[in-house]
Amino acid sequence: GAVVSQHPSWVICKSGTSVKIECRSLDFQATTMFWYRQFPKQSLMLMATSNEGSKATYEQGVEKDKFLINHASLTLSTLTVTSAHPEDSSFYICSARSRDTQYFGPGTRLTVL
Amino acid sequence: RKEVEQDPGPFNVPEGATVAFNCTYSNSASQSFFWYRQDCRKEPKLLMSVYSSGNEDGRFTAQLNRASQYISLLIRDSKLSDSATYLCVGNLGSGTYKYIFGTGTRLKVLA
Numbered sequence: 026g027a028v029v030s031q032h033p034s035w036v037i038c039k040s041g042t043s044v045k046i047e048c049r050s051l052d053f054q055a056t057t058m059f060w061y062r063q064f065p066k067q068s069l070m071l072m073a074t075s076n077e078g079s080k081a082t083y084e085q086g087v088e089k090d091k092f093l094i095n096h097a098s099l100t101l102s103t104l105t106v107t108s109a110h111p112e113d114s115s116f117y118i119c120s121a122r123s124r125d126t127q128y129f130g131p132g133t134r135l136t137v138l
Numbered sequence: 097r098k099e100v101e102q103d104p105g106p107f108n109v110p111e112g113a114t115v116a117f118n119c120t121y122s123n124s125a126s127q128s129f130f131w132y133r134q135d136c137r138k139e140p141k142l143l144m145s146v147y148s149s150g151n152e153d154g155r156f157t158a159q160l161n162r163a164s165q166y167i168s169l170l171i172r173d174s175k176l177s178d179s180a181t182y183l184c185v186g187n188l189g190s191g192t193y194k195y196i197f198g199t200g201t202r203l204k205v206l207a
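Protein chains in written order, with the working numbering: chain A, 26 to 138; chain B, 97 to 207.
FYI, nobody ran anything at the bench for these hints, they're computed from the structure. Cβ coordinates follow ideal geometry from the N, Cα and C atoms, glycine included. Wrong hints could be hidden among the right ones.
In silico contact screen, one side only, chain A against chain B (beta carbon under 8 Å); selected entries [said to hold, decoys possible]:
| no. | residue |
| --- | --- |
| 1 | G41 |
| 2 | T57 |
| 3 | Q67 |
| 4 | S68 |
| 5 | L69 |
| 6 | T74 |
| 7 | I118 |
| 8 | R122 |
| 9 | D125 |
| 10 | T126 |
| 11 | Q127 |
| 12 | F129 |
| 13 | P131 |
| 14 | G132 |
| 15 | L135 |
Given these sequences and hints, build the entire structure.
Shown next as structure tokens:
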């Protein structure tokens, strides 16, 4: 149980394009999902908390207009990186909360050329 | 001061060795703690939750010391497959479910 999927697993795009990443909880409902970013040799940094049916809560320093989050259902949250630039290249990981534990998706590796 | 601090390592140990990692946290309101394991270029996977009473799962033992605000993980009889980065994680307490991750401790088990 507690399986979380992410799609796509990797993406390469040109600077200025927008990229959408999906996070799904496959066998449970998640009112709360989280989006993280991890740069090489660094730890996971929480970007935002995604709440089903309401606006996401962003961490300090994360631009909400650049990283659009939509949590339209209890099993799906999406992160859209708008007008991506090379500095946005990173490993984006989502998690879904089940009780007190977070279960992580396999991550999406974004490379912006 | 970082909210969750770990020694980044790497810890290089021979197969069969016992190795211990410590982690300190600064937010006394944190209520839940976990150890996650992360393999290279993969997502973190839950290894175990950490309780004040201590908990054991096979070769792994985790302990929480609230007075000193540190968490430990002990791995006995290390296997080559234990090589990974071990992430210490705390939540922020106060009813939030937000996690704060340590930078991770790299473990290499050598044949």
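Verification of the supplied hints:
{"no.": "1", "hint": "G41", "result": "26 Å, violated"}
{"no.": "2", "hint": "T57", "result": "6 Å, holds"}
{"no.": "3", "hint": "Q67", "result": "7 Å, holds"}
{"no.": "4", "hint": "S68", "result": "4 Å, holds"}
{"no.": "5", "hint": "L69", "result": "5 Å, holds"}
{"no.": "6", "hint": "T74", "result": "6 Å, holds"}
{"no.": "7", "hint": "I118", "result": "5 Å, holds"}
{"no.": "8", "hint": "R122", "result": "5 Å, holds"}
{"no.": "9", "hint": "D125", "result": "6 Å, holds"}
{"no.": "10", "hint": "T126", "result": "6 Å, holds"}
{"no.": "11", "hint": "Q127", "result": "6 Å, holds"}
{"no.": "12", "hint": "F129", "result": "4 Å, holds"}
{"no.": "13", "hint": "P131", "result": "5 Å, holds"}
{"no.": "14", "hint": "G132", "result": "5 Å, holds"}
{"no.": "15", "hint": "L135", "result": "13 Å, violated"}
Of the numbered hints listed earlier, those contradicted by the structure are 1 and 15.
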